[in-house]
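Each chain, letter by letter, is given below.
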Amino acid sequence: RGSGAGAEGAGVIEPGEKEAQGWPCHSTAPCQEVVATQELLKWNGWGYNDSKFIFNKKGQAEFTGKRYRLGGMVLPTFKEWIEKTFGASLEHKTTSRASLNVNDVPPPIVNEEFLQDLRATKISYSQDAEDRVFRAHGHCLHEIFVLREGMFKRIPDIVVWPVCHEDVVKIVELACKHNLCIIPFGGGTSVSSALECPEEEKRMIISLDTSQMNRILWIDEKNLTACVEAGIVGQDLEKQLAESGFCTGHEPDSMEFSSLGGWVATRASGMKKNIYGNIEDLVIHIKMVTPRGIVEKNCQVPRMSTGPDIHHFIMGSEGTLGVVTEVTIKIRPVPEYQKYGSVVFPNFERGVACLREVAKQRCAPASIRLVDNAQFQFGHALKPQVASIFTSFLDGLKKFYITKFKGFDPNILCVATLLFEGDREKVLQHEKQVYDIATKFGGLAAGEDNGQRGYMLTFVIAYLRDLGLDYYVIGESFETSVPWDRVLDLCRNVKERIVRECKEKGVQFAPLSTCRVTQTYDAGACVYFYFAFNYRGISDPIHVYEQIERAAREEILANGGSLSHHHGVGKLRKRWMKESISDVGLGMLRSVKEYVDPNNIFGNKNLL
Amino acid sequence: MKCYTPVIYKGLSPCKPNAIKSAVLQSEQVQYVIKQLAKEMGESPDIIQEEAMEILDEMGHRMQLGAVRFFAFTLSKIFKQLFQRVCVNEEGMQRLQHAIQEHPVVLLPSHRSYVDFLMLSYLLYTYDLALPVIAAGIDFLGMKIVGELLRRAGAFFMRRSFGGNRLYWAVFAEYVKTMLRSGYAPIEFFLEGTRSRTAKTLTPKFGLLSIVMEPFFKREVFDTYLVPISISYERILEESLYAYELLGVPKPKESTSGLLKARRILSDNFGTIHIYVGQPVSLRTLASGRISRCPYNLVPRHLPQKPSEDIQEFVSDVAYKMELLQIENMVLSPWVLVAAVLLQNLPAMEFELLIEKTLWLKGLTQTFGGFIEWPDNLCAKKAVLSGLTLHSNIAGLVDGHVVLNDKGVEDGAVGEIVFRHALAVLMCATYRNQLLNVFVRPALVAVALQMAPSFRKEEVYSCFNFLRDVFSDEFIFFPGISLKDFEEGCFLLTKCDAIQTSQQEIYPTDKGSGTVSFLSAMFRPFVEGYQLIFRYLSKEMKEAFTEKQFIPAVRNFVFQLLEKGSTQCYEALSSDMQKNALSALVQLGAVKKKKTPNGFTYNVNQEAVGKILDMFDARIPVQKPVAARL
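Chains S and V, in that order, give the protein sequences.
With the first letter of the first sequence counted as 1, position 554 gets the number 554 in the UniProt record's numbering; the numbers rise by one all the way through.
With the first letter of the second sequence counted as 1, position 559 gets the number 559 in the UniProt record's numbering; the numbers rise by one all the way through.
Only chain S is shown next, with the shape it has when bound in the complex (with noise of 0.2 Å):
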């Protein structure tokens, strides 16, 4: 591998097997790597080729494939779940198209000096229309819709495949010279209409795409940090690091396919942040190349005062200011022990109301989320077939034990599920605490299964989309994050500002709309919804779920939620920015931007 960034210091990791494959690879077909990656994941839909859910021929639910403990399992309450939540029929079908239309794909704006000056470079790069489309997009619905039944207005020109630091330094240096858009591109996951091409745009736009910048350049043991290029995806940094022994714990749902540079780019937050932290308190230092130049800091301190903290200008930047290439991260043992755990509440606002005191005392697990109701059924419709009569009859007797024996209504009781992680004696201390705490709040310990299974689904829920998508259901998730003693208003009066909208837009049968308690924080909690509805009889779908999204997002403005918590504002959301940061607020961050890209470079369109 041509680079030798950072490759001195102790604990390199030498990623020999690039070498062998013979990196960096020059041509205009994109490299093996590339291919193989690509070809795993769908083209329009959610993750892998192979996992997915399906309708067997006994008209059980199925998920196929081997990566997800789901599957190749049997789910057979999930079909009657479908067709009570949504009023969905199998009969009712839609097909996506089966692959991408080459004709269909606009023809790439091309600026033949660039391109010579690119091919002097070396960097590989591609204008095939497949790997152009695939990087056109994230995954709002309105962008998977388009996948299946339409196509982009404008999409990149051009990908290109930068290796290492100084590549990315030679693109944006040509992109001023040839006054060129450029759109980074991770992991591909956003959730904001970031990746979408501004329509108007002129320029022949470049798609950066950091996926072979993925190698982790030095572990430094002493200080527990380590050097990380910023195109590596969620679950191989995690892999490398423990071959080490190490984490860094950040796990975000979408952290099998997002990027260590999208985490920074969007201020991702992960599940385990209770005891790892949001990106903001992982990162030690950043270096981001921008058409000014590079941006980082001389030392690598836990804090230091120096005016406003410049990583601040870079997380949350959406793309707009430059390309993240390397980021330093903190890094922790792996732990030792870990240990699921659930709770089942007799309804929401005493599951609320438990999660606050265990903030308030500070002894929150690595993850602790409360879901509602609908949620909590959704998850039970997931349930595989059980392998023997002695569980089936054990689940009966839990039932039984819950609903009839301390009166929970099994339509309104909720759970929260857990997850403990340290060293094992501290775990089962610290397990104590937080069932002690739930007690006081009527909370029923409801085992370590049900636990481990809701985290399981936070993996495969995305898939449902899809499957959803062949039978007129559509679907999205959004989050924000609220004041402890708003969030049951919030949660309820969204819930309902969605089902009214539905109902006002003309959506036949009622949607699902619920929410779960994702995080919790000292000074108030993330909120996540999924709200999902049967279209059938409904002539432009995506308009109308647009218009109910918008309503619930101001719904949760109005209820003191913020407009965020972790998906970021993209496009999607810009419209409430001058509301949620101030016009002078607004003012700060478009002159930085006005200093850093004068001549909009990264004009992706985001945020500002």
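Do not rely on the hints blindly, as some may be mistaken.
Here are the simulated BS3-like cross-link-like pairs (lysine-lysine), alpha carbons at most 27 Å apart as the crow flies [unchecked claim]: (1) V/K10 / S/K84; (2) V/K10 / S/K505; (3) S/K404 / V/K10; (4) S/K360 / V/K35; (5) V/K306 / S/K578; (6) S/K440 / V/K16; (7) S/K406 / V/K16; (8) V/K10 / S/K406.
Think of the hints as simulated: they come from the structure by calculation, not from any bench.
Starting from the known structure of chain S, fit chain V onto it as the hints suggest.
Quick look at chain V alone, frame taken from chain S:
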């Protein structure tokens, strides 16, 4: 016994009245104020807490089904004695039933009589709807047994004024909001604040309305339904009491023995009651796009917060909107028309002519959108006669002429002729008044047409605008839409062929001069009355005075003029008009209102009042033309 299983709010968590009280006492809102006061006064919070407890005990209702049943039983007997019929719009009840299940509901009935809330609760009980808790004046508590009975039937009691008492305000507001948020029961109160003695809708009070709106502003509830309810009486139970009160004979204190004495009226007939339950209005819909959410997001919700100007304006707009809806759905009896005609033709009017005129006025009222209870097959003569029979205490038929019955309404009434006549006029006016808010827009255009020096549109509008400002406390106008009101008035007058408009001018048609003069005559008592009162203020009141001094003084002044025969404006004796005129001057800036330890005092700016008087006489142009807007 009736099986009462009411429809209730879907989010209701059932609780006892006492649980509400302790929730209020323990609430962050009340605790915050208690701590603040303790700090400021250097007192122990426990003492203030006890005070709060006492306030709650004084205030709180203790709704019990037993008491409700008792009331329902006795009331049904009493109502059957008093009234011939009670008419309810069934679809309104059905809408209300839906509303009650969906969101917290606030019932906003018009207030003409004590019967209002009794009747409404009785009605909801009969229709198997959740019984409301009702904001009642503290004076009811003065009545032995009855006060407590009312309490058990769901009344809670508020002091008449408590602006300065922070603890009282906090406890009261939290009490109301707690019941609203939990969907405990529909909350009922009167926007007008008190019974209208004149049967004209009073200008709204905003305090309670802003309290019940706050949970929505703070998003503690998803929405709140406001339900305007119009209760129209063919004959008002308290009619003569009101007339006495308006003339300054003091209102008897609420007492149980007084109530027992009032039994006498049981033998009387009070005709029909119409109750129209309006379409529930969603507060969320009203507020959409009007309320900036920021102020509520940046301060903890339990802190007492002075509502922003935006909010205050919004609350006021909603209050007026609700009152206008009440007015829209009032039912007018034929007698109301008779009273309006008769008052313009005193002392006596030929019966046949009265019938003819009444029929004509019926047509006009319907053109203006008034809703008259006049069965299709009922001939005019019968309608007028039945009105005269029901209201024989006010007017009667003598030798083919209809005359006011001013021979003494009550036994041993004051012998004074003027006083007796005034009583009769005011009582009669109470019925005519029911028309006024339907007529006010076209009628003020008619008055303006006669006032304005020419028929030029902008001059007529200027006069209209001036009158609208002067009468802003007398009639109900939605704030800030003078031009729209003017256009509506013009439209209605055009519709009944009374006026024609060209590009620049508005002028009465030959055919319509009768209508125009009738309309301006209808409002003449107000125009003349205000002029009398203003004249008095500009001439006589040189020093600061209180309302208590002002009312008897101006009454004397008018009384003397009436005795001398130099005016015929008996209605200027009405304390209601006097108060409204004074407050109009305050709003126009011609009188300064000052707060002193002993209440409010007033200072007249003679010159300014003089100017306003000149405007009435159109001796000076009302204001600079606003042609641009027309």
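Checklist line | Hint numbers not upheld by this structure, sorted from lowest to highest | finding: Failing hints: none at all.
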